Structure formats: structure tokens, C-alpha cells
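> Residue-level listing of the chains:
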Amino acid sequence: MRPRTRFRTPLIIAATFLLVISLLSLSLKRSPVLKKVEAVMVSLTAPGLKGLYYVGSTLKGVWDRYFYLVGVQRENESLRRRLAESQQREVQYQETLQSLNRLEALLELKKQVALPVTGARVIAYDPSLWSRCALLDQGQDHGVKRGQPVLTAGGIMGRIVETYPHYSKVMLIVDRNSGADAMVERNRVRGVLQGKGGNRCSLDYVPKSADVQVGDLVLASGLGGVYPKGMIFGKVSQANKKTQGVFQDIEVTPAVDLSALEEVLVVKVVNMALTP
Amino acid sequence: MTVPLLLFSLVGLGLFYCQTLLLFPQIHLRLLGLLLFFVGLRPSFSLAFCLALILGVLQDSYATTPFGLHLGGALLVVGMARFCHRRLLLQKTGPQVIASLGVLTLQEIAFMVTLLLLGLQPFAFNDLLAFRGLELLATAALAPLMYALVQGLEKFLSRYGWRSSWAQE
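Chains as they are written, first to last, in the numbering used here: chain A, 865 to 1140; chain B, 25 to 193.
Rather than coming from a laboratory, the hints here were simulated on the basis of the structure.
Some hints here could point you the wrong way.
[Said to hold, decoys possible] Some but not every residue of chain A turned toward chain B, in silico, with C-beta under 10 Å:
{"hint": "1", "residue": "886"}
{"hint": "2", "residue": "889"}
{"hint": "3", "residue": "890"}
{"hint": "4", "residue": "903"}
{"hint": "5", "residue": "913"}
{"hint": "6", "residue": "989"}
{"hint": "7", "residue": "992"}
{"hint": "8", "residue": "996"}
{"hint": "9", "residue": "1040"}
{"hint": "10", "residue": "1121"}
{"hint": "11", "residue": "1123"}
[What the hints assert, rightly or not] Simulated DEER-style distance windows between Cβ atoms:
{"hint": "12", "chain 1": "A", "residue 1": "1089", "chain 2": "B", "residue 2": "130", "range": "40 to 48 Å"}
{"hint": "13", "chain 1": "B", "residue 1": "70", "chain 2": "A", "residue 2": "926", "range": "38 to 46 Å"}
{"hint": "14", "chain 1": "A", "residue 1": "1049", "chain 2": "B", "residue 2": "161", "range": "40 to 48 Å"}
Being a predicted model, the structure only gives us computed values, none of them experimental.
A virtual CB, placed ideally from N, CA and C, is assigned to each residue, including glycine.
Isolated chain A (complex conformation):
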């Protein structure tokens, strides 16, 4: 028994190290086995997320619309109760109005894009800081495929990187693995929009001679065939020419808060060569 226990710890460490290195290596080679493992894990756990999301929304709705009012009723006279009910209705109207505005904006976007699209809801975000992605409630069964761009009323959200039967994973434009050809709206200067984590991107490979100013809109150039031409990526929030080398240091803030999206549009075209 003694030799067995003597070599147990180094053997476990070596085996673990080998396992992790093999997985990382397979992952970099985009192994289909790992994709299957990932798909199984997401398919097993995402329904729970979706269920809890809807349960939470329902409970919040019940709380907002009923229990809170019960508490108010106990404390106030009938007039106050009526007022609270009216206020609650107002909140509901406002909520409905906001929802309507969002959907109208999406509809408008759908017309602008002039490409086949499908609506989707964001049901979860990756909570870690190491990547920026989100999970949508539309998957292979709804015709969603890898590489399809995802848009919001305010601008581009990202592109589909994984699809599962009922869900799909979107890599946001701020993810470090995200890169896309982009241009500055004002003077058509082109560069590569690279995700930088957090809520920021950078516009790389823009020469120092180019005139880029804070506040300039950054659009998809349409080259590369991932995102439709003219869709907004974001605004230049910082432009620094005092750098080494021939390129400027340009920071871009996305047009929309990518951490708080609810409804999005998935463009059902992969590698679009057209420029609408």
C-alpha cells in the first residue's frame, strides 16, 4: 500500500495537468467532441436558467402588481389605494409603452436591414469577466446558424458562435475574440474593430494621418461579410496619436449597453456579400 500512496499525489497532479493541456489543445483545434460536451452542458442547464428567468419575471410582476399594493392598502385610506392602483396602472402602461417602443425600433431595424431576420430574447449572459457572450432563446430548430450577425435597435450586438437545438450563443463585439472590419462614418476611414473585454472595443490599424475624433460614429464596413454594411458598432470615445508606431490608439464604446439587452434580431444570413 505504501508505494501506491507515495506516488498517488504526483500521479494525480500529472494526470490533471495532462487533462487540462489536452482539453485546451483540443479546444484550440475546435474539436467536435468538446463542442458536443458544451452543447450537452448548455442543453442541461439552460432550461433551468430560462425557467428561473420566467419565474423571476412572473414573481416580480405579481409582487409589483399585487403584494405591494396590498401593503399600501393596509397603510392608506381608500383614496390612497385608488391612487396607488392608478400609479400601478401607469407603471404598467409605461412598461407596455417601453416594450412597444423597443419592438417598434426592432421592426424599423428589420425594415432597414432588408434581410431575413428572426426575433430572439436574451436569457442569460456569461457572468465571468474572461469572455463577453450571451445566450439567446432561439437555436438550430429556429434556423439560427453559426456566423449569423445579431443586431439591436441601437447597433450591432455580435455574432452567433455556437448553436444548440433550442439556444444559441452570441459572442458580443466587446469579446476579446471578436474582430470585424469597420469604418468611421464621417470620413470613411477603415480599421479593424477589436473587442477589448469590459464594455469597450478598439479600432486598430488606423494610420496617424487619418482624422478620427471623439464622438465619431463607427460603422460596419460590410467587408468580411459578417455584419451588414452601415450598421452601427459604436462611438469613438478616445483617440490617441501619441503612440509608438504608425497607427493611432482608438477606443470605441458600443452604441448600446451590451449587458442589458432584452430583445434582439438575428440576421439569418451567413457571410453576406451584399451591401444593402
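With chain A held as given, fit chain B onto it using these hints.
Chain B only, in chain A's frame:
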């Protein structure tokens, strides 16, 4: 070991759901790392190892980082917990917080080194590093709560006769 593994996996899944649905994007915490650390301090190594595999794969499945990064991080936490297991007295709040902070920091460094070796740039912005530092500090501050949670679960399991099977491993 099946029942404790199932129970702790469900707790881990619950913490993951809580992070995703309730805390994100305002609050970032490493609750799964903390859970793994305190489970790793318990006598059963196989339980901690299997739990690290499950929670690591879970985190990797939801991230766009190379598959295996979070898994490696989770296994590292368990390894550190086994190292602390017989060397440090982690019964009081102070040592628990300090040990958790140390382990989470080591995990963070391991993440950065791995990403650097894979050709990905982990050092994007300095303020993100500061943000991560705050995340680690806030998570470490929750160490006593996580310790109590793991102990509570262990007591719950022992009430149903599972304790003996743990201790023998």
C-alpha cells in the same frame, strides 16, 4: 459519494444561476471558486475533484474562452485546498478570508498565464485588473459564509448517514 456530489453540484448550479440572473452585470463574484475551495478542504478528495470537473465544464460551456480554462482553474483551486488542508487551521474568519484571497489570486494568475501562453491577451486594460482585484476581495470576504454553507450541508448529509462514507475516503 454520489449523493454529496449531486447535492454540491446543485448548490454550485444554484450559485451559477444566482450569478447569471441576479448579480450580473452589477456584481461580479467568484462564488464557484470559493465553493470548490471549501469543499476541497473537506476529507473527500474524490468529491472535490469530481465537483471541480462538473463546475469547470459548466463555466467553460458558457464562456467563449478556450475550453479547459475554467476547468483548469477549478482543479487548481481544489489542489490548493488540498495543500491548505493539512497545513493551515481554517476554523476562524481571518485565516479563511486570507486563504481564500490567496487561492483566488493564484487562480487569477493561472488564468492570465494560460491565456498569455495561448496567445490571447489577458491584460487589456488596467482598470479591468483593478475591477478583478475588487471582485477577488469581495469574494474572499464571503469566505466565512461559504464555510458555514459547506459545513451546514455536511451536517445535513451526516443526518442521513452519509458522513461515514465521506470520512473513509
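> With reference to the structure, classify each hint as holding or not holding.
Evaluated hints:
Given the 10 Å rule on beta carbons, the hint for residue 886(A) holds: about 8 Å separates it from the nearest Cβ of chain B. Because the beta carbon of residue 889(A) sits about 8 Å from the nearest beta carbon in chain B, less than 10 Å, this interface hint is met. Annotation: residue 890(A) was flagged as interfacial toward chain B, and the flag holds, the nearest CB pair being 7 Å apart, inside 10 Å. Because the closest C-beta pair between residue 903(A) and chain B is about 8 Å apart, less than 10 Å, the hint holds.
The beta carbon of residue 913(A) comes within 6 Å of a beta carbon in chain B, closer than 10 Å, and the hint placing it at the interface holds. The interface hint given for residue 989(A) holds, since its Cβ lies 5 Å from the closest Cβ of chain B, which is under the 10 Å cut-off. Evaluation of the residue 992(A) hint against chain B yields a held restraint, the C-beta minimum of about 6 Å falling below 10 Å. At a threshold of 10 Å, the smallest CB-CB gap from residue 996(A) to chain B is about 7 Å, leaving the interface hint in force.
Because the closest C-beta pair between residue 1040(A) and chain B is about 6 Å apart, less than 10 Å, the hint holds. The beta carbon of residue 1121(A) is positioned within 10 Å of a beta carbon in chain B (closest approach about 9 Å), and the interface hint is therefore held. Restraint check, residue 1123(A) versus chain B: the minimum CB separation of about 4 Å is within 10 Å; hint holds. At about 43 Å, the beta-carbon gap between residue 1089(A) and residue 130(B) stays in the expected band of 40 to 48 Å.
As the Cβ distance of residue 70(B) to residue 926(A) is approximately 44 Å, the hint placing it in 38 to 46 Å holds. Evaluation of the 40 to 48 Å hint for residue 1049(A) and residue 161(B) yields a pass: the beta carbon distance comes to about 42 Å.
Comparing the model with each earlier hint shows no violations; every hint is respected.
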